[in-house]
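Enquirer: Chain by chain, the residues:
2 protein chains.
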Amino acid sequence: MNGGCILAVGSVALDSVRTPFGSVKDALGGSATYFSASARFFSPVSLVAVVGEDFPKRYLERIRELGIRTEGLRVEKGRTFRWKGCYDYDLNTAKTLKTELNVFQSFKPVISRAQKNSRYVFLANIDPEIQLSVFRQMKNPRLTACDTMNYWIEHKKPVLKKLLKKVDIFLCNDSEARQLSSEFNLIQASRWIISCGPRLVVIKKGEHGVMCFSKDFIFLTPAYLLEKVFDPTGAGDTFAGGFIGYLSKTGRLDGGAVRQAVVYGSVLASYNVESFSLDRIAVLKSSQIQERYRQFKEMTRF
Amino acid sequence: MNGGCILAVGSVALDSVRTPFGSVKDALGGSATYFSASARFFSPVSLVAVVGEDFPKRYLERIRELGIRTEGLRVEKGRTFRWKGCYDYDLNTAKTLKTELNVFQSFKPVISRAQKNSRYVFLANIDPEIQLSVFRQMKNPRLTACDTMNYWIEHKKPVLKKLLKKVDIFLCNDSEARQLSSEFNLIQASRWIISCGPRLVVIKKGEHGVMCFSKDFIFLTPAYLLEKVFDPTGAGDTFAGGFIGYLSKTGRLDGGAVRQAVVYGSVLASYNVESFSLDRIAVLKSSQIQERYRQFKEMTRF
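Respectively, the protein sequence lines represent chains A and B.
Sequential numbering from 9 applies to the first sequence in this note's numbering.
Sequential numbering from 9 applies to the second sequence in this note's numbering.
No lab work stands behind these hints: they were computed from the structure.
No experiment lies behind these values; they were computed from the predicted model shown.
Careful: at least some of the hints might be erroneous.
No distinction is drawn between identical chains; accordingly, a pair holds when it is met within one copy or between any pair of copies.
[Said to hold, decoys possible] Derived lysine to any residue pairs resembling SDA-like cross-links, with alpha carbons at most 20 Å apart:
| hint | residue 1 | residue 2 |
| --- | --- | --- |
| 1 | K116 | I297 |
| 2 | K305 | Q268 |
| 3 | K305 | H216 |
| 4 | K236 | I202 |
| 5 | K103 | F225 |
| 6 | K236 | D262 |
| 7 | K236 | E191 |
| 8 | K305 | R267 |
| 9 | K305 | S24 |
| 10 | K305 | G263 |
| 11 | K223 | R309 |
| 12 | K169 | N125 |
| 13 | K173 | A265 |
| 14 | K305 | S51 |
Working from the sequences, and respecting the hints, build out all of it.
Expert: Encoded structure:
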């Protein structure tokens with residue numbers, strides 16, 4: 009079966025970012041925003057998140073103009089979630105300067121009747137208890153995926169382990185895989201995670217590429233090589249958007265589809281880091297995704 | 009034309025290494041040793057190096073048993089070059105505890121009449137003035153390649169730039185490429201290096217794989233993924249041995265051959281890091297190289 013609506017639950021944020029190439033204040037960001045802006049190239053996406061009353065109207069319009077469904081985007085009393093961070097020339101590591109949770113602190117996603125039937129679900133990095141609460145509301149999704157972060161591994165590992173039992177695909181970065189599994193070697197780390205439940209573990213290594221593990225295969229790929237990386241904020245969620253988006257479009261979950269999905273995710277992420285905020289992927293064309301997919305193949309074939 | 013004798017100039021050393029998995033004292037090591045032990049799978053290799061009177065006979069026999077020609081391995085009065093280093097769990101970075109140059113300090117490679125006709129020349133990491141002196145002695149090599157290290161970039165950059173004018177292939181790691189070119193981005197760094205002379209730049213990133221640049225193409229590959237990495241000492245030179253070895257065997261220098269050579273180099277390096285010293289590649293079979301090459305393809309195809 010082809011196609012499938014994707015439900016994306018996570019943050020919509022105002023990001024203030026400084027990189028060696030410039031800076032931006034209160035730009036449109038957030039894990040669910042980046043994911044949706046990327047996944048929309050493949051399937052319809054419904055966004056579930058919360059913003060404050062200060063959330064700029066033009067950002068709301070921007071999200072809608074991308075074709076993302078915003079019935080699940082609630083506006084609550086208070087200020088929008090804000091993240092302030094910076095990057096040095098080693099763009100692989102973000103330094104968080106400030107996090108203001110604001111309305112996001114009491115985020116309790118309520119999934120509408122229509123959304124409960126979504127076949128594909130992505131739970132971006134939020135409190136694993138909230139991720140679990142979304143699971144409980146879903147009817148019978150074909151594929152579920154989640155991301156997490158070091159904070160939850162440190163403070164809510166038991167809840168995270170419950171979540172792992174339910175989720176099909178677990179995405180994280182290399183240090184999170186190591187921290188979660190207490191294994192330094194990434195094959196062993198992924199084996200540990202798979203033993204907890206997921207059928208697929210996707211380890212994102214930023215500029216060093218992606219590793220994808222299942223019980224049946226391992227797929228390794230470098231990152232698409234760019235001459236100019238402008239701002240890596242959102243790269244991981246943009247990757248997830250391309251990855252889940254492609255899987256939902258093909259309707260397949262076999263090794264071949266998963267490998268191609270990893271490359272599509274990498275292509276989307278490579279475009280995202282070329283600008284601040286969503287500036288680049290907002291104007292991206294499908295033909296450009298295909299073109300870079302071909303270049304990716306050319307850069308890695310042997 | 010198929011086949012071609014390889015001349016390997018560099019160090020033969022006694023290494024004392026500590027990793028999280030064990031330690032070894034005065035083990036057989038050195039850049040030219042690792043290179044030769046790897047390249048011998050593809051073409052005959054002549055080793056040019058110097059050792060002290062203390063160099064164990066059994067190591068000399070070991071080198072010869074691998075089929076490496078040792079007419080160019082001189083024994084001089086004094087002690088053999090020694091390196092002492094250790095690795096933490098992050099096996100990507102060696103910490104040098106002690107370097108004793110000993111007889112290597114006055115190493116002046118004299119290339120015999122027969123060796124001057126070698127078609128393939130690899131100059132492992134040594135003083136670039138010595139590397140240049142070897143160039144001057146060669147008749148008409150088909151392909152020349154060299155490696156270097158941060159120390160020479162810092163202290164002998166003008167000589168290194170003279171060397172770059174003459175060499176066909178320049179191999180280095182990512183931080184050396186950045187240091188040499190003063191460019192952080194590796195596309196820009198490689199472009200700078202290519203503008204100095206080499207037609208090919210091969211950037212080794214350890215566990216993160218290899219990037220290969222020419223004027224016509226870029227080839228990226230992850231490293232072969234291992235469950236257990238025991239000791240990364242010599243991985244870079246073992247890579248170079250597989251890389252140059254394969255090129256010498258095919259006799260081709262086109263993009264297709266270069267891509268395959270990078271993968272063969274990665275396969276050889278992956279075997280090397282499974283043990284201390286040359287223990288693993290000394291007993292390696294050609295069929296095992298082919299087998300891992302196939303697995304490499306399987307791990308990276310999409």
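Enquirer: Does the structure break any of the earlier hints, and which numbers would those be?
Expert: Checked against the structure, the hints that fail are numbers 1, 5, 6, 9, 12, 13 and 14, while the rest are satisfied.
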